[in-house]
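Spelled out from the first residue to the last, the chains are:
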Amino acid sequence: MAKLELSHLNKTYSPKIIPVKDVSLDVDDGEFLTLLGPSGCGKSTILRLIAGLEQPTRGEIRIDGKNVTQHSPGDRNIAMVFQSYALYPHMTVYDNMASGLKLKRVSSEEIRRRIEQVSLFLGLGNLMQRKPGQLSGGQRQRVALGRALVRQPDVFLLDEPLSNLDALLREQVRAELKQIFESQNTPVVYVTHDQTEAMTLSTKVAVLSNGDLQQLDPPRRIYTHPANRFVAGFVGSPQMNLLDLKCEGKFAILGNYKIPLPGRMTPPPEITLGVRPEHVRLAEPSDTHTLQGKVILKENLGMSDLLSVKVKGAENQTLRALLPSDRPWSAEEVTLALPPDLIHWFDVETGDRLTSENLQPVY
Amino acid sequence: MTTTIRERERRTGWMLIIPAMLVLAFVYAYPIARSFWLSLFTENLGTQLQPVFSGLNNYGRMIQDGRFWQTIANTMVFTISTLVLELILGMGIALVLNQAFKGRGAVRTIAIIPWALPTALIATTWAWIFNDQFGVVNDILLRLGIIDTGINWLGNPAPAMLSVIIADVWKTTSFVAILLLAGLQSISNDLYEAHSIDGASPWQSFRQITLPLLMPQILIASLFRFAQAFGIFDLIQVMTGGGPGGATETVSIYIYATVMRYLDFGYGAALVVVTFVLLVAVVALAAFFLSKLRTATTGDA
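Chains as they are written, first to last, in our numbering: chain X, 1 to 363; chain R, 1 to 301.
Hints may contain errors.
Said to hold, decoys possible - Cut-off 30 Å, straight-line C-alpha distance, at most; resulting in silico cross-link-like pairs (DSSO-like, lysine-lysine):
1) R/Lys102 to R/Lys171
2) X/Lys258 to X/Lys294
3) X/Lys21 to R/Lys102
4) R/Lys102 to X/Lys16
5) X/Lys16 to X/Lys102
6) X/Lys102 to R/Lys171
7) X/Lys104 to X/Lys178
8) X/Lys104 to X/Lys66
9) X/Lys310 to X/Lys250
Unchecked claim - Label-pair ranges, simulated between beta-carbon atoms:
10) R/Asn189 to X/Glu116: 26 to 34 Å
11) X/Glu116 to R/Leu211: 28 to 36 Å
12) X/Gly125 to R/Val27: 53 to 61 Å
13) X/Gln172 to R/Gln185: 30 to 38 Å
14) R/Phe224 to X/Gln179: 49 to 57 Å
15) R/Phe224 to X/Arg105: 33 to 41 Å
16) R/Gln185 to X/Asp326: 35 to 43 Å
17) X/Glu182 to R/Asn189: 30 to 38 Å
18) R/Ala287 to X/Lys21: 51 to 59 Å
Read the hints as simulated data drawn from the structure, not as lab findings. Yeah, the Cβ is synthetic: ideal placement off N, Cα and C, and Gly gets one too.
Isolated chain R (complex conformation):
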């Protein structure tokens, strides 16, 4: 029996791809499918932790669940605020790091350190920084005479949200900056020179050359940051535990509490499924724009 080269190549191809597919199936597909299956059952203390089929009941309950909608709102506030701040600050840092100056290599390395540190450590540090009695922030504000009495940062809803946003921005801006810096470096200096000979000011060059050509990196950074911020858990869990009074409770923390504290497995699974679908929808949307953008900048279909 003879096989053509093409057939043999195809067989080799399958053999090479199967291990990766198996890993994906076990690590991603199975848990998602299992969660969806679990979400169709009621399995909590009321049923003595036995699964009882209840159809879409869990989803119906979710629509009525004010705490769920509050956590969605908290997550969106956190996600959008950090995303916007990190993009703006990250762009600024990337533009500076893209300039030639003495010690640029060292500064670039230092810039990435916050992102490389363990989140729990950073969260603990920031919790102390915002501590109402001994925190640095209150101390500085008091000394400058901006406030008369210390603010209870983590004990009040709005300041607590602000605190976790600041901590996250501090930690992750450098990641965005490095991503954008890679994009900036791929833009040829000739373009800026040609543009300046055409009579463009630096601001015009930034808007007409840098921004459009950096769009793929901006979108990728947004996508990464959106997915990460939407699932934020560790930083907030350590800093506020979702408090005060649920003011900083995000979807992940709520799911954790539902499953691990209230032992409501069926409802927790339904929350996971909805969060998953939301996230996939956003990622798909971003991927779609990304491919559009590629076509727009390079002209390749």
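Bound conformation, chain X alone:
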């Protein structure tokens, strides 16, 4: 049906405020792209640029090969779901959904047919004559989705659509969203700061920081191969351990312990070690490289415990480890093992991922 292309998109408010710096992306039919990043990273601005609510300073937006950069929002055939839902409070659910179609002069019979179809799909049938003020948060959210779906647009844009829902409902709607958009076969651009949403919904994720595209990859690869220190720290919960370590020969030094650097890497004077808490495990007799440390904090997360450990000889470094609750360990001292193939290395200066053939884990 359509393909969304952004090329060298740039938005500058003033020489110092540049929310979007040279971003290029493609979203194909049926692809679900998530723009992920902390607040202020420019993800919402990109969405607004695609919608035409703002004009890029430089760059081009193409939908289905057609340059729409200069088109007004109404002429781009896109649908957007707002964080606030932006339902028209004085109109019924039916009129809210019909509004866009009426403006496009779709026949009232066709409007009725489409709304019936979508409302059946979303379970809105008995709410058609209600006003938004009479709906619960979850129902409003569904009406906002319905309003986008009846439009049958070339591109769907969603701006943090789940952030106003409570935790339980969010999980349920997230699953629904996945089903809905898997059936649409239309490019979807989704903005969120919630990595769980990004991981579960997307076919690919664009991680942004300060208007720069940090990494564009499928969610799995973002998790296993973070392109730099920022992505490594932003994606994954609990957060990845990131420790700046001195190097000696082919080893990085963590307290009393030496962690071997992967084979072909030329050791720099300093290096950043990254390892996810869930990959740190209790040492077994067969392990050759182990770390001993003192437990300073234990947080119970239900199915596992999150330990904060001070490694012997490196009192200013804290290593966090996610360990199954049912495994016994002494309350004060633990011996941990870091699986070498699950350690990430980053340049201390640039934060870039340091790779070597030996380093890359295979999945």
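Knowing the structure of chain X, use the given hints to seat chain R on it.
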């Protein structure tokens, strides 16, 4: 003896509300009741200012009183013209003031000044502006060659009415604008963005989003302005004194003249009662629509 919390709260509630009720009773209820009572008597120079009970005679006289009906008509013309003009102009000003531009705060403050000035002062100024010999309006029109000889604005019936309407619109439009501006600011910008993505033009957004969502403020502004314009006294009294030949005489001015000039207290009271009932009827009607509207926009019953 023990009292429940509920009883004690209720007693406190009454104690808190009684002062306000007393004030309302003395300031509103008593004068109205007294006026109604007075309207059942004839008390004028003919009765040597002694009250003589005459039942509904004063009301009967009113039906025959051509001058009364003329003042009602004048009041309606003044009220409706100013109301419509102030709403249209006020909406325009509010829409402009709602946009982000440099110095918006200063402009908003300046906009409210006409409304804050004393009416008598404004009326005197406008009377001079419309003066047939030295007035600015005639001067400008003469220089532009639109007219050959100066118009006697305040000396002819239709121009006099036009003059007082213009003066009132100048004075009160900013009040309407500020009220509407408050309403505009409560409309989320998301709605306009969603509507523009739906393909709406600015005019369509104005009609389908702004107007319906602004209806409560429009109605409140209309209500305020209706009540104020219907009772208009000071501006017209100073500018034309109700003249020429009663062409700008409103109900308030007529009541004032009846009581203070002709010393006809009983008839004056009857005029007050009728005006009061008319006003209450309109206000009640507007309040009814307002509550309907609330239900319509928010869906809350």
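Results for each hint:
This hinted pair checks out: lysine 102 of chain R and lysine 171 of chain R have alpha carbons roughly 25 Å apart, not beyond 30 Å. Between the alpha carbons of lysine 258 of chain X and lysine 294 of chain X the distance comes to roughly 18 Å, so the proposed pair stays at or under 30 Å and holds. At most 30 Å may separate the alpha-carbon atoms for a hinted pair to count; lysine 21 of chain X and lysine 102 of chain R meet this at roughly 28 Å. A distance of roughly 21 Å separates the Cα atoms of lysine 102 of chain R and lysine 16 of chain X; the hinted pair therefore holds under the 30 Å criterion.
A threshold of 30 Å between alpha carbons decides the hint, and for lysine 16 of chain X with lysine 102 of chain X the separation of about 42 Å lies outside it, so the pair is violated. Proposed proximity of lysine 102 of chain X and lysine 171 of chain R is contradicted: the alpha carbons are some 41 Å apart, above 30 Å. Under the criterion of a C-alpha separation no larger than 30 Å, the hint pairing lysine 104 of chain X with lysine 178 of chain X is consistent with the structure, at around 28 Å. A distance of roughly 20 Å separates the Cα atoms of lysine 104 of chain X and lysine 66 of chain X; the hinted pair therefore holds under the 30 Å criterion.
The straight-line distance between the Cα atoms of lysine 310 of chain X and lysine 250 of chain X is roughly 23 Å, inside the 30 Å bound, and the hint therefore holds. Between asparagine 189 of chain R and glutamate 116 of chain X, the C-beta spacing of about 31 Å keeps the proposed range 26 to 34 Å intact. Look at glutamate 116 of chain X against leucine 211 of chain R: about 29 Å separates their beta carbons, and that is inside 28 to 36 Å. Between glycine 125 of chain X and valine 27 of chain R the CB atoms are about 56 Å apart, so this pair conforms to the stated range of 53 to 61 Å.
At roughly 35 Å, the beta-carbon separation of glutamine 172 of chain X and glutamine 185 of chain R lies within the given 30 to 38 Å, and the hint holds. A hinted range of 49 to 57 Å holds for the C-beta pair phenylalanine 224 of chain R and glutamine 179 of chain X, which are about 53 Å apart. About 40 Å separates the C-beta atoms of phenylalanine 224 of chain R and arginine 105 of chain X, a value consistent with the hinted range of 33 to 41 Å. As the Cβ distance of glutamine 185 of chain R to aspartate 326 of chain X is approximately 57 Å, the hint placing it in 35 to 43 Å is violated.
Distance hint check for glutamate 182 of chain X and asparagine 189 of chain R: the Cβ-Cβ separation is about 32 Å, which falls inside the suggested range of 30 to 38 Å. Look at alanine 287 of chain R against lysine 21 of chain X: about 56 Å separates their beta carbons, and that is inside 51 to 59 Å.
Violated hints, in rising order: 5, 6 and 16; the structure is consistent with all others.
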